[in-house]
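If you want the building blocks of each chain, they are given just below.
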Amino acid sequence: MALAQTKVTATQARLDAMSLPKIGWSSGARADAQTRVAAMGLPVRRDEYWKYTRPDELTSPNVKSAKASVQDNASIFGSLGCLSIVFEDGVFNAEKSDKLEGTDISLELLSEVNDLDIHWALSLYGALETKGQTPVDRPLAALNTAYAREGLLMHVKGTVAKPISLVYLQNSDNDDVMLHHVIKLDKGASATILESGPAGARCNIVMETEIEDGASLNHVRAQGRNHERRAATHLFARLNQESQFKSFTLTMNGALTRNEAFVEICGDDSVAHIAGASVGNGEFHHDDTVFIKHDALRGESRQVFKKVLRNGATGVFQGKILVKPGAQKTDGYQISQSLLLDDDSQFLAKPELEIYADDVVCSHGSTSGAIDEEAIFYLNTRGIPKLEATNLLTLAFLAEALSEVEDEDIAEVMERRLEDWLTRRL
Amino acid sequence: MLKIRNLKVSLEEEEKQILKGVDLTVEAGKVHAIMGPNGSGKSTLSYVLSGRDGYEVTDGSATLLDKDLLDMEPEERAASGLFLAFQYPVEIPGVGNMTFLRTAVNGQRKARGEEEMSAADFLKEVRAKAKILKIDADMLKRPVNVGFSGGEKKRNEILQMAMLEPKMCILDETDSGLDVDAMKLVAQGVNALRDEGRAFLVITHYQRLLDHIKPDVVHIMADGRIVKTGGPELALEVENNGYADILSEVM
Amino acid sequence: MSAIKDIDVKEGVDQETVDAVREVGGEYKYGWNTEIEMEYAPKGVNTDIVRLISDKNEEPEWMTEWRLAAFSRWENMQEPNWAMVSYPKIDFQDQYYYARPVSMIEKPKSIHDVDPKLLATYDKLGIPLKEQMILAGVEGAEDAPTTPRKVAVDAVFDSVSVGTTFKDELKKVGVIFCSISEAIREYPELVKKYLGSVVPVSDNYYATLNSAVFSDGSFVYIPPGVRCPMELSTYFRINAENTGQFERTLIIADKGSYVSYLEGCTAPKRDVAQLHAAVVEIVLEEDAEVKYSTVQNWFPGDEDGNGGIYNFVTKRADCRGDRSKVMWTQVETGSAVTWKYPSCILRGDDTQGEFYSIAIANNHQQADTGTKMVHLGKNTKSRIVSKGISAGVAQNTYRGLVSMHPKAKSSRNYTQCDSLLIGDKCGAHTVPYIEVKNNSSRVEHEATTSKVDDEQLFYCRQRGMDEEEAVALVVNGFCKDVLQALPMEFAMEAQQLVAISLEGSVG
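Residue numbers (numbering that gives the first Met the number 0), protein chains in the order written: chain A, 0 to 425; chain B, 0 to 250; chain C, 0 to 506.
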């Protein structure tokens, strides 16, 4: 279908305002991506996929400013003994980062790739994003492929115990940050990758992940606490045989967050879990848009999303399980729940199933409601004051999502941060 | 009645032979028992005879009243007079017990070219037979086996047997999960059905059921074969000494 | 205009037609495959055709204007494409928009003219009611009288209502039950007040077309405090070839009234697809209660996907009075393409909406159906139970909206959406939209997808049922919650239909 003229004009205006970076071998993929964006057009509110989230502030040429705070830059995963890689306003900071080296792992920067490289990431950069454009357009991801100047290229060849921690610091109030990471896990490899920090007044982050047979990747993300920041993120993951991908995102604050995940299970007996906990107060619009495609036998997928909303905050969940013909014995599960702490908050959800194979077990559930006053009362009678009781029940509500974080130390960090938020907000 | 010759069976999914040449003849009017340790192939035998998917017959034959059983669909075997009382009767939500029974009875009659049973006759008969098994009206109305206790499920199996009037009844571990009173009730139901034209094959791990349903012949099955055959005294021997003695003697 | 004037449409419909339809409609048998000579307006739709339809129905000027306004809106609208259905582009100018029986009914010349499969179908439907009730475990069924309860029927044959039964008896209690064309003439004030007040003229493409060209349909008015003494029913049949059926139903339940309304549909086999675009509007004043049940068995097309009815229907109930309650129950087994979302606008406080649905899609059928529950008033409640069954190469989609507006405090919704797949070439999809804008309301949505359980099938077969019988039994069990929501006569029929619809889906 032809694009509406207004969409074409707006998209062109945005593209004209940027220049296509020429960075080594990535140049070809960038030109292709630019063409994709022009063909798709940047999202507008009338697009079905943006029914519940206004894309304007993510697509506009001008960035709304967001005040950077020192507190927000404190690394959340600092205590875990990670290998830290720091990006400040989207630019790699060598001083604050650890050395980009380790056993069984190669770490490089996107900005430094050569021209004539026969690089492992060459076949992945923009390729998984392109696959993720069907059946639904994700123009912001294509935009990122075209214009992101920095990112991490991480190649895991064996078992890497030390988590790789990407830290996104924000110093400027007005920066528009784009980062594009490519991760590849060789057969049987395993790693943990962490992300934290606000990154910029507005950020657009893409992570493309190829997981080979028998490999396993854990991904845990704590999005920045800056109240005013706006973020669009995309995770693209392709799972080969008997591989595993587990991703968890904690979001607290932020004026606007759109987290998209596109996971393709192409190898038999693989497992993908995408989970998230978000808590928002006031001007907070949080959107989890997840698409899991089963195209292999005996795949298992879980989508677990919990949202706590108050004071006019909005939570959105769009989730889909697609089971392709022949993907027999698929086990797909999806749950999205929201806890509305007051009457101004809202929850908008579209949990979908699209199933073309018969020997499957797929289910989804979605609920929305207020805190259980009877439970509060019960706790009161046992001597627990109202505020604490509310905190307790809120944490209990989030527990199913938090339990998706396998590493106990990381889970504890997450929980502490949540508790902290609750005591400050409630 | 039932003739099994050199029956060899493997699992379809993996190359594993379960039955390694079973020979068995059950005459009309008789009660045969098959005992044996877990994993000896007892339940597989009952499934293969009733035509469940997932098994591959690699050799041998099984006939019921001289008709080739193995060639038939499960429902054809049922219409020919074969009945399996399941060890774990499946639950079918939403389907009333009565509807289920009536469909089964008439399905078999239809297959045999007989006239369907009228609703009134059917109701009369079900109620009479249910009463003997202490199955109340409420249980008849509930969906098939849904929310039934272990004992209720087994009694329901026997009620189905009574209604379908099969010629060859296979009872697969019917005593499992039953207390003494429930077992007596089930045995009573079975004994009421014993007659000249009907044969039973009682599969059990323990001897206790055989106190209530007295067998004419007892077989011991081990490792996919019938390794010993004798009278009721064989069951007592197992009861007193366990399987180990018998097995070491024959193997 | 001159072309139209040349057409001689006979006034009135002869008694034989009326009787035939009444007989069929009253007892819901499908054994009817009659060829009837029809009079048609020319193919296509334009302002002349709209005027012609209005003219044939002897409508007042305001009604003609209403239609023309709808038509001019429709001309500027786009056919929607968001549903998960695909079909060849409909040529809206290649349809007849008006057809009605001339006079004589021609019976099929011999039994050989009737498709043997169709005969077999009818045979199965001819099972005595009492027996079915007993089998389904209906309480006290053995003592039930053998004659069915009284049901008043309005039969709509292609474009016109050919007869309404029990009219006088209903009139005694003040219930108006007649064709909508009659209502426009006889009760213009009621029609003027309510027509288009639930489904606005410009609501959607098909509803707008319907507003312009609807030829007939049923009208019901239940006065305050009256409990309608019998079930009301419309029996729809598309008989003529290449004819679109556009009926319009308007039900007004005044304060404290109650009515149960049944709708049945059939169509003969044709290898060219036919269009059906109906609109049903229900208005509920304070404390009123309406039950609307549909058994939709339009011709689904043949095994290869030829022919069948395109069923694009807009149904909506407006619970505008406090404490009013509406319940939609549908069994959708027919049609090549179904696009249908019976909805509830829960405007009054303490109002309730319920939606129970069975949708079966076999062979090449495509169904995209569900409901909208729009909660506007306080303490409103809604419940959705949807059972979708896909077989063959069919696609079956549940699409629904539950919306809790900021003012709909302390409201509740519960949604249960289950899909069953038979065979690995079909699809089952769930597309729910959930919008919660206040925190005192609670929304719960659950959905599952699975296949028919092999263990259950084996158990049934060991007891002597053939595979098809076993599948039908298990599927009926799966649908139980919805079947129970139907009036008894309909439930029996629906149960049979479930079995028939799935024939050829296994083995």
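Hints were generated in silico from the structure; no laboratory data involved.
Please note that a few of the clues may not be correct.
[What the hints assert, rightly or not] Cross-link-like lysine-lysine pairs, in silico, PhoX-like; alpha carbons within 20 angstroms at most: (1) K50(A) to K371(C); (2) K371(C) to K323(A); (3) K450(C) to K328(A); (4) K479(C) to K323(A); (5) K424(C) to K328(A); (6) K140(B) to K450(C).
[Claimed, not checked] Pairwise CB distance ranges (calculated): (7) S68(A) to Q483(C): 36 to 44 angstroms; (8) K186(A) to G503(C): 44 to 52 angstroms; (9) E11(B) to P199(C): 58 to 66 angstroms; (10) M116(B) to D358(A): 30 to 38 angstroms; (11) M116(B) to G43(C): 31 to 39 angstroms; (12) D358(A) to E14(B): 51 to 59 angstroms; (13) D46(A) to P41(C): 35 to 43 angstroms; (14) M116(B) to E188(C): 41 to 49 angstroms; (15) S196(C) to R45(A): 50 to 58 angstroms; (16) A498(C) to R4(B): 46 to 54 angstroms; (17) S85(C) to K166(B): 25 to 33 angstroms; (18) Q483(C) to V135(A): 37 to 45 angstroms; (19) K186(A) to G59(B): 53 to 61 angstroms.
Remember, it's a predicted structure, so these values are computed and weren't measured experimentally.
Every residue, glycine too, gets a C-beta built ideally from N, C-alpha and C.
Assessment of proposed distance window 44 to 52 angstroms (beta carbons of K186(A), G503(C)): holds (46 angstroms)
Pairwise beta carbon distance, M116(B) to D358(A), judged against the given window 30 to 38 angstroms: holds (36 angstroms)
Outcome for the supplied range 41 to 49 angstroms, where the beta carbon pair is M116(B) and E188(C): Between M116(B) and E188(C), where Cβ atoms are some 59 angstroms apart, the hint is violated.
Whether the CB-CB distance between S68(A) and Q483(C) falls inside 36 to 44 angstroms: With Cβ atoms ~59 angstroms apart, the hint is violated.
Distance restraint between K50(A) and K371(C), which requires alpha-carbon spacing of 20 angstroms or less: With Cα atoms ~17 angstroms apart, K50(A) and K371(C) stay inside 20 angstroms; holds.
Consistency of beta-carbon spacing, V135(A) to Q483(C), with hint 37 to 45 angstroms: Check passed, 39 angstroms falls within 37 to 45 angstroms.
C-beta pair D358(A), E14(B): status relative to the range 51 to 59 angstroms that was hinted: violated (22 angstroms)
Verdict for S85(C), K166(B) (Cβ pair) under range 25 to 33 angstroms: Violated: the Cβ-Cβ distance is about 54 angstroms, outside 25 to 33 angstroms.
Agreement of K479(C) and K323(A) with the hint, judged by alpha carbon distance not exceeding 20 angstroms: Judged against 20 angstroms, a Cα distance of about 29 angstroms means the pair is violated.
Proposed proximity, K323(A) with K371(C) (alpha carbon, max 20 angstroms): violated (28 angstroms)
Pair hint K140(B) and K450(C), alpha-carbon separation not exceeding 20 angstroms: Roughly 25 angstroms between the alpha carbons, so the hint for K140(B) and K450(C) is violated.
Whether the CB-CB distance between D46(A) and P41(C) falls inside 35 to 43 angstroms: Holds: the Cβ-Cβ distance is about 42 angstroms, inside 35 to 43 angstroms.
Checked against the numbered hints above, the structure violates hints 2, 4, 6, 7, 11, 12, 14, 15, 16, 17, 19; every other hint is satisfied.
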